[in-house]
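Got chain A; can you put chain C on it based on the hints?
2 protein chains.
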Amino acid sequence: MSLSGKNSIAGELSAEGSDVFFSVDPRNKTTGSLPFYNATRAEVDRAVNAAAAAFGEIRHYPSSKIAGFLDEAAEQIEALGDDLLHTADSETGLGLPRLTGERARTTGQIRAFANLLREGAYLRAIINTEGPGQPAIKQMQFPLGPVAVFAASNFPFAFAVAGGDSASALAAGCPIVVKAHPGHPATSELFAGAINAAVAAQGFPAGTFSLLQGNGINVGQWLVAHEAIEAVGFTGSLRGGRAIYDAASRRPRPIPVYAEMGSVNPVVITQAALAARADEIADGLVGSVTMGTGQFCTNPGLILLEDSGASRDFISAVTEKMEAAPAGILLNESIAAGLNSAVSDTVTHPQIEVLTGAEAISESDYFCYRNTVMQTTAAAIRNDDRLQVEHFGPVTLFVVCAGAEDLKSTVDALEGNLTTTVHAEESELESIGGLLHQLREKAGRVIWNGFPTGVAVVHAMQHGGPYPATTAPGTTSVGMNAIYRFMRPIAFQNVPEALLPPALQDANPLGILRLVDDVYTDEAV
Amino acid sequence: MSLSGKNSIAGELSAEGSDVFFSVDPRNKTTGSLPFYNATRAEVDRAVNAAAAAFGEIRHYPSSKIAGFLDEAAEQIEALGDDLLHTADSETGLGLPRLTGERARTTGQIRAFANLLREGAYLRAIINTEGPGQPAIKQMQFPLGPVAVFAASNFPFAFAVAGGDSASALAAGCPIVVKAHPGHPATSELFAGAINAAVAAQGFPAGTFSLLQGNGINVGQWLVAHEAIEAVGFTGSLRGGRAIYDAASRRPRPIPVYAEMGSVNPVVITQAALAARADEIADGLVGSVTMGTGQFCTNPGLILLEDSGASRDFISAVTEKMEAAPAGILLNESIAAGLNSAVSDTVTHPQIEVLTGAEAISESDYFCYRNTVMQTTAAAIRNDDRLQVEHFGPVTLFVVCAGAEDLKSTVDALEGNLTTTVHAEESELESIGGLLHQLREKAGRVIWNGFPTGVAVVHAMQHGGPYPATTAPGTTSVGMNAIYRFMRPIAFQNVPEALLPPALQDANPLGILRLVDDVYTDEAV
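Residue numbers (this note's numbering), protein chains in the order written: chain A, 1 to 525; chain C, 1 to 525.
Calculated from the structure, these hints are not laboratory results.
No copy is singled out in the list; a pair is fine if it fits within one copy or between any two copies.
With a straight-line cut-off of 20 Å between C-alpha atoms, the simulated SDA-like cross-links for lysine to any residue are:
1. Lys65 to His437
2. Lys65 to Ala53
3. Lys321 to Met291
4. Lys408 to Ala53
5. Lys408 to His60
Pulled out of the complex, with its shape left as it was, chain A reads as follows (with noise of 0.2 Å):
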């Protein structure tokens, strides 16, 4: 497939700007000969108009026809074949075999909403039948309407043009426009063929999808800005999350931002745990903070324990498993400058001892950082929120606590994070539950003897949490629940039988679970 640098608008290539960026390889620093547009203000509003017209078809469609549009758009994907990775590869540098799993997770969550939507439970209809001077209620969700997508760096597939947030959003009813990362912005291309592929195939209206590329904060302003966007979806930065929903907030009609900004995820180990494994521990840390050179929001970015001989220990293993680790290649230029900015500032702190790494490889031709050990104290921690933040790269933070006591302390100060994890023994049990519950109240996920990495898609995930590691902690972005930040309830009082939506009806002709008159049952009303 040919790449055009251009803006996918409604299905039309457009570059109506001058102002263009290039691809570059994270591998070798050479930048790509293609120029990508910016989209200008005109092409923002284009496609958010589209979008809106297409809302007014789509909103109509039944869940079966958004079901065949969701696996025909997995479908054109796969249809991509080897060249989707390969031109990923040549802008990421995260390597075929990690881009052809990711790819096989992108085509299964949109093919996972499909099912849901054909199961059909998920509209949550609820009907309260008419009795003594009480009308009949009906209620079900609904789509919002146009939803802006910011597509994120470090997962070119699963959480960009064609991931988590676009296929929730599109699984919803929604109309999407996607502003592409301008990391990855052939790739960006190459999914917008195939949706816009699906689009045509299943004759959905066009605006259904368009894809804005740009390397400025002007196409991400001016789409969140715009009147008729009644959503936005982002995983990235707390800074760029945190402006997005200060646009949105302001705006004259507010709308709700469900931006995933990472977090440190914050790890507790037990002195039994290392005990009895201290050695299979450090290997599986230092598996989860290198892995994808340390780029997941999941990245495990602080480690509490106890002051111990056995914890030194630990801290030392750790410490020369990462140092013999070999150092992985960031994604690109902004995301180096980014990691060396953070533990640059959090180096000044007097409490942090560099143990390995803190600084850039700079004689290398990648985009490339030491694998970093840090450590300071529980009182630093408590003390200084600034020691909170997440280091995105290959970097982790011991907090070594004085004892039971000051660790107890220590996971109150914490903010909000997507994870937790505590490592123990099952002969803690007993004593361990007030811990498992202070570490609830900090995340959206909580895990016994694992590590945060690898979040699996499926219905019972939770990947979300307290700000900041998101700004609406009631909602997920990965699991099936990820599609209600993109629908409404809307209730039905006395509305006939033909004018109600086929979930509603007392036939229930989609054979769907139902909520009737405080039982749930698939029965007919």
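Just chain C, lined up with the frame of chain A:
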């Protein structure tokens, strides 16, 4: 029960400030003798800190214990007896019949939440069992933490100290700090006594509930800005709600604000409906507009119809009936002034014609305003958003459309509302679907051949809608789903059974409906 005029902070009376205000009887504009003390910043802090401490305990309570507390609260409210009704009547002028009904609704919805908790499916337990390369993931809903509740003026029981926001937050397992409405401080203190009695009787921590008095903006601003507040429930004006929303969004750590800010609740009446039952619709409309002196957030404030002789006759009939209907009492001086100001602004518009009313009844001893009917054109509404402003009182505005297309484009130009309504005939079922779809996009509830006032407290109710009706269109402030505003999902990965809450244990000891490996079941895993 004797009144103190003081704040109630974690069960203790407190009056540290010197800034006081007084209750006013709207029937005769007489001021009470008991001073009510504006809470100080230190008192706000103490209330929130006590709530945070209480959360540390009640977050561990099983649903059944919270249900028992809610039932006790309902009983304690009933135990206030007629004293509550007379106190509220003297502060609001709403009359004993209405207040008796509202009390039943208030205790009824508290008990409905207790039943929801005992049933258990509200926890939304989802389990994905361990599979090849996939950990066991189990999630359910947990309380958010301390919630700030802003009581409304117009429902001194059902949307106030122990109203829907309070009941749903407490049911979720969240301590609450309630900012009383200054229109009924004595009523608020009585409710505080009842809830505190329930707290004591059920052995809940005292910080579970606090009541703050205040007749300015400071108390609310301090409350929303407090670091330990996790969410806000608000019912009131657009200006007040937006100020709270803005304050919460600007926090270092933003929190969700669930503000229900009222709306104009557009009603469309077809020519066929007028031909069949103009008198019946006119009577119903006048009853709905003047009910409670028009002080309902679901008051029908905008009536759209096509121009015709029948429409002109209908408008005349409604105008005559509005003139004939007795003028009601407004709740307080602030509402009277706000209504006067809003109508005065509207009538300056050159396309607004006043058919009756549009003036305060100045000779009255009451806070009183003439029943008001105005008329304008469809083009005027489309071209000036200010004509969609809520007039909180017995006021409605007819929008006369040139024809079907003019009506259709006017509905498209409507802002978000709590409700939209259509009056039509069975003979129009085939042709009216398009209009119903349009009305659906503009509201949280669509009503067929009825009137928007009267909100059934049932599971299927949706009392919400797009901005400016609310700040969170995906949520409701009436009905059982209101609880989810104050909960968030947390997932557990490979956590041992002994550490999981009962709702997530394999044996399903609560016997609740769960989603297990994508199948809804109440069986054990």
